[in-house]
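Colleague: Got chain A; can you put chain B on it based on the hints?
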Amino acid sequence: AQTVTQSQPEMSVQEAETVTLSCTYDTSENNYYLFWYKQPPSRQMILVIRQEAYKQQNATENRFSVNFQKAAKSFSLKISDSQLGDTAMYFCAFMIGSGGSNYKLTFGKGTLLTVNP
Amino acid sequence: KAGVTQTPRYLIKTRGQQVTLSCSPISGHRSVSWYQQTPGQGLQFLFEYFSETQRNKGNFPGRFSGRQFSNSRSEMNVSTLELGDSALYLCASSPGQRTYEQYFGPGTRLTVT
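Which chain is which? The protein sequence lines are A and B, in order.
The first sequence maps to residues 8 to 124 in our numbering.
The second sequence maps to residues 84 to 196 in our numbering.
Okay, chain A solo, but in the shape it has when bound (with noise of 0.2 Å):
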């Protein structure tokens, strides 16, 4: 079974500051997604950003970055210039990929970010 962890329950960052969010896993597939998803209070839950495991090259989405090291079973959220909107629960998800996949998504249980001005 697939387990994802996020040990930070809460952060906060100054605005226009950097912040890094950890996220670890374990898994013994070899083809699986990783993701991290946002969600605002009282909103819905929002895809931030996306991680092929074969993939050696870490995604960007415009502020957001990851740092996926595969050996050491980590995948972490960069998020540069914060804004007062990205305060937000962030979790980091995990499925199982190409054939094997069971189109499940195993979720941390969140880091609380709160950006202040």
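Among the clues, some could well be false.
Unchecked claim - Calculated cross-link-like contacts (lysine-lysine; reagent style DSS-like; alpha-carbon spacing at most 27 Å): (1) A:K80 to B:K96; (2) A:K116 to B:K140; (3) A:K62 to A:K116; (4) A:K62 to A:K85; (5) A:K116 to A:K85; (6) A:K80 to A:K62.
Since the hints were made in silico from the structure, they are not lab data.
Here the structure is a predicted model, which means the values were calculated and not measured.
Modeller: Chain B alone, transformed into the frame defined by chain A:
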């Protein structure tokens, strides 16, 4: 494209009753997944449907069931409600064929009293 829609958004039920929640996926998406979100257990996978077939099921009792229609809309049903079923129920849609991103709806907040 319109996003994933879920109805109703809020629901209050009494223990022992049953409830049906509805989800309309993004147009063209054939896969619909359901998740339960609670403060204690976090986000847990319920089941996933693709082209009217359940492809995968999470570790929930048989009181939780679902189905998918030919237009890809999905419903989930919870029978004999318990207090512990109070949760945010999230639906997510995906194209479903070797495309693994899931896009979530706003959820249905179910309160069981």
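Colleague: Would the pair K62 (chain A) and K85 (chain A) pass a check requiring their Cα atoms to be no farther apart than 27 Å?
Modeller: OK: K62 (chain A) and K85 (chain A) at ~18 Å, within 27 Å.
Colleague: Take a quick look at whether K116 (chain A) and K85 (chain A) sit within 27 Å of each other, Cα to Cα.
Modeller: holds, 18 Å
Colleague: Hey, K62 (chain A) versus K116 (chain A), does the alpha-carbon distance stay inside 27 Å?
Modeller: Roughly 25 Å separates the two Cα atoms, so the pair holds.
Colleague: So if I understand the rule, the pair passes when the alpha-carbon distance is 27 Å or less; does K116 (chain A) with K140 (chain B) pass?
Modeller: Holds. K116 (chain A) to K140 (chain B) sits at ~20 Å (cutoff 27 Å).
Colleague: Does the alpha-carbon distance linking K80 (chain A) and K62 (chain A) stay inside the 27 Å limit?
Modeller: holds, 14 Å
Colleague: Quickly compare the C-alpha distance for K80 (chain A) and K96 (chain B) to 27 Å and report which way the hint goes.
Modeller: At roughly 42 Å apart (the allowed maximum being 27 Å), K96 (chain B) and K80 (chain A) break the hint.
In the structure shown, a violation is registered for the earlier hint numbered 1 alone.
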